[in-house]
Amino acid sequence: MSKAEKPGRARATKQVTEQVTEQAPGPGDGRRPARLAVRKTYKLYIGGAFPRSESGRSYPVTSSSGDFLANAAKASRKDARDAVTAARKAFGGWSGATAYNRGQVLYRVAEMLESRRAQFIAELAESGTKNAREVVDASVDRLVWYAGWSDKIAAVAGSANPVAGPYFNISSPEPTGVVAVVAPDKPLLGLVSVIAPVIVTGNTCVVIASERAPLPAITLAEVLATSDLPGGVVNILTGSVAEIAPHLAAHMDVNALDLAGVTDGAVAVACEQAAAENLKRVLRPAETDWFADPGTGRMTAFLETKTVWHPTGV
Amino acid sequence: MFEYAPAPESRDVVDIRPSYGLFIDGEWVDSQGGELHKTVNPASEEVLAEVAWATEADVDRAVSAARKAFGVWSALPGSERAKYLFRIARIIQERSRELAVLESLDNGKPIRESRDVDLPLVAAHFFYYAGWADKLGYAGYGPSPRPLGVAGQVIPWNFPLLMLAWKIAPALACGNTVVLKPAETTPLTALLFAEICAQADLPPGVVNIVTGAGQTGAALVDHPDVDKVAFTGSTEVGRRIARSVAGSGKKVTLELGGKAANIVFEDAALDQAVEGIVNGIFFNQGHVCCAGSRLLVQESIETELLDALKRRLGTLRLGDPLDKNTDIGAINSAAQLAKIRELSDLGEAEGAERWSPACSLPDKGFWFPPTIFTGVAQSHRIAREEVFGPVLSVLTFRTPAEAVEKANNTPFGLSAGVWTEKGSRILWMASRLRAGVVWANTFNRFDPTSPFGGYKESGYGREGGRHGLEAYLDV
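First to last, the sequence lines map onto chains H and Z.
Residues 1 to 314 (the working numbering) make up the first sequence, in order.
Residues 1001 to 1475 (the working numbering) make up the second sequence, in order.
Okay, chain H solo, but in the shape it has when bound (with noise of 0.2 Å):
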């Protein structure tokens, strides 16, 4: 550990250390045998549960190296269905909450994701993804990013208008409502960054987890829970993309898609075809550095403006 990192990071690791050197099945010490380790349940996280895929299915997991990790659920098209419903539910809540509490509660969240930093990066690391640390305090620092944007995105997004005539006019933007989102295969950052912007204005999601490496994911589900967040304001799904996205992009009770996480062609394609029927607002794929400052276009995609007229006089 270098003598220039702070503090309260060296506190953090040394313990999860030695959570890990508690947990981890490591030899007898002759008068004891191993200690087996406890391990998680991977689930869904709906309606804030975590309950397991209702058609009972799960799909093995494996480490880069091959090793296994975990039996993750295969969400089916009912679980898709029941986490839009919370999701719809929940809208009406914390759309109608406050910027300031919106912002307060992202603010939680990253708050949770930093307590748990030793967690992410063993996890990340197990995943294959080389730059664990990197990515987690990227992760963390752009949930702070985005919790900020709470209470301001309307002064950029929105605008007093001189109209011609005897008239108040304002425009506001406001959350489009259920948003779709399949997350990119990047478990921690990319998936943070494509829940923040959608939730931080209002808007409440379902989310498809990186079918790769889906148990950061869950793990993260964790930190919404206990993050004030409230239940059904993000759902997470994980399964086969090719499976769910194509159901959701086609559900009638979602209003707009994010196909971040889409990377096979025609599976892209089909969703943007099936989001026509009730015109959903979609964000297609491309290519993007998770890393580099990501702008507004991820809040601004996922928000309507409203404007409202009223005539002036006494």
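Warning: the hint list may mix true and false statements.
Label pairs and their calculated CB-CB ranges [to be verified]: (1) E222/H <-> E1304/Z: 53 to 61 Å; (2) W1028/Z <-> V314/H: 48 to 56 Å; (3) S1431/Z <-> G295/H: 22 to 30 Å; (4) G93/H <-> S1379/Z: 22 to 30 Å; (5) T1315/Z <-> T312/H: 26 to 34 Å.
Taking lysine to any residue pairs in the SDA-like style, the calculated list, with each CA pair at most 20 Å apart, reads [what the hints assert, rightly or not]: (6) K1324/Z <-> R1115/Z; (7) K1135/Z <-> G158/H; (8) K1406/Z <-> G96/H.
Hints listed in this document are in silico derivations from the structure and should not be mistaken for laboratory results.
Just so you know, even glycine gets a beta-carbon here, dropped at the ideal spot from N, CA and C.
We have chain H; now place chain Z onto it with these hints.
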């Protein structure tokens, strides 16, 4: 009711050619294989002119011209593009009477509206976006946002020239070139606009006008060298466009149908509300995507409001669109009239009560009297589907929460109206109505500085204001 002597606006100011070609690369050209179709005055069924329905080959030619012009046009300094747009705006003002008469002739809308609403807004729109052309770096889309390229634009027949202005002005200001297809029943003002472009010495190919119907529109939208698709029209066609451009990478903005709720609370200024309801649904014969076609009236004042509304409808004058006293003009086409009749008959069949004022309809042309349906349930098709005619469905509510729920109970989300004297209630309602435009104690107001566009199945993207630039910039 007063008797009015006829006060027709002279149509001598317009000079309609017997037939029109396409305006491509700064020249009038004949269509390659496209048939000529007649465009009629819907108030008299008189043939006004013949226009070509452009073929795929014609569209291809227009797109190539626009592509060729894009290099030059996008390379011009913004200040030079601005001056062209200012010129166009000025010529529109200079020729506004001619344009207004031609619009009323081809569309059927009262001259009072084309003269006092459409044309002033058209000129204002060009003035507004002219000013943006050299200020794009300050619009919040980065220091030097780039245009997209060639814009394929398809516009409807309800506000032919105004919708052209909404499409062409921002596109050109941002440095794009355009191929625009006007609606098949109202091509004439777009063709006169082509003349205006020539008068303004706009470089050839910057604006191309191809006339035609759905097939021409589809050829334009699907053309591989079009970078941007802008469409105003029905949700059904909007869906088709969204599906057909999937995977093409084209930027799309859609301004589609609506079924707006116009909500009147018991404390509203009643006479003003009545005027707002009339303006909301009978303006432009109800051929307005943001028309207030569902009146939600608080139960306690239902009778009083309906009595006042019916009295007011008795004074509306239906007839010759060129008469300056006319309130309600002609329905734009036989097809639209058939659709309005079908949905209205269905309203009766489903159990709603139909009422129209005593109103004689001219013998020739396409006409439909102002009509109110009471006793309408949310499940009725006249409460759910866009009629796009002078037909108002009346529903009632008791509480503000119920009003919001009923207003939002539609796949559309273009506009809404609220009438109440209580300020806090206006803001409470406005924040809960899922619609792109909320008019409070007014209705159907438009301005180039004010973003317009829908939520949900009313489409996406905004036209007007700083927001309207985004549709034509690579951001």
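Results of checking the hints against the structure:
Remark: the range hint 53 to 61 Å for E222/H to E1304/Z is upheld by a beta-carbon distance near 59 Å. Distance hint check for W1028/Z and V314/H: the Cβ-Cβ separation is about 54 Å, which falls inside the suggested range of 48 to 56 Å. Distance hint check for S1431/Z and G295/H: the Cβ-Cβ separation is about 27 Å, which falls inside the suggested range of 22 to 30 Å. For the pair G93/H and S1379/Z, the beta carbons lie near 28 Å from each other, so the given range of 22 to 30 Å is met.
Here the CB-CB span from T1315/Z to T312/H is close to 28 Å, well matched to the stated 26 to 34 Å. Distance restraint check for K1324/Z and R1115/Z: the Cα-Cα separation of roughly 10 Å lies within the 20 Å cut-off, and the hinted pair is therefore satisfied. At most 20 Å may separate the alpha-carbon atoms for a hinted pair to count; K1135/Z and G158/H meet this at roughly 18 Å. Pair hint K1406/Z plus G96/H holds up; C-alpha atoms about 19 Å apart against a cutoff of 20 Å.
Hint violations for this structure: none, all hints satisfied.
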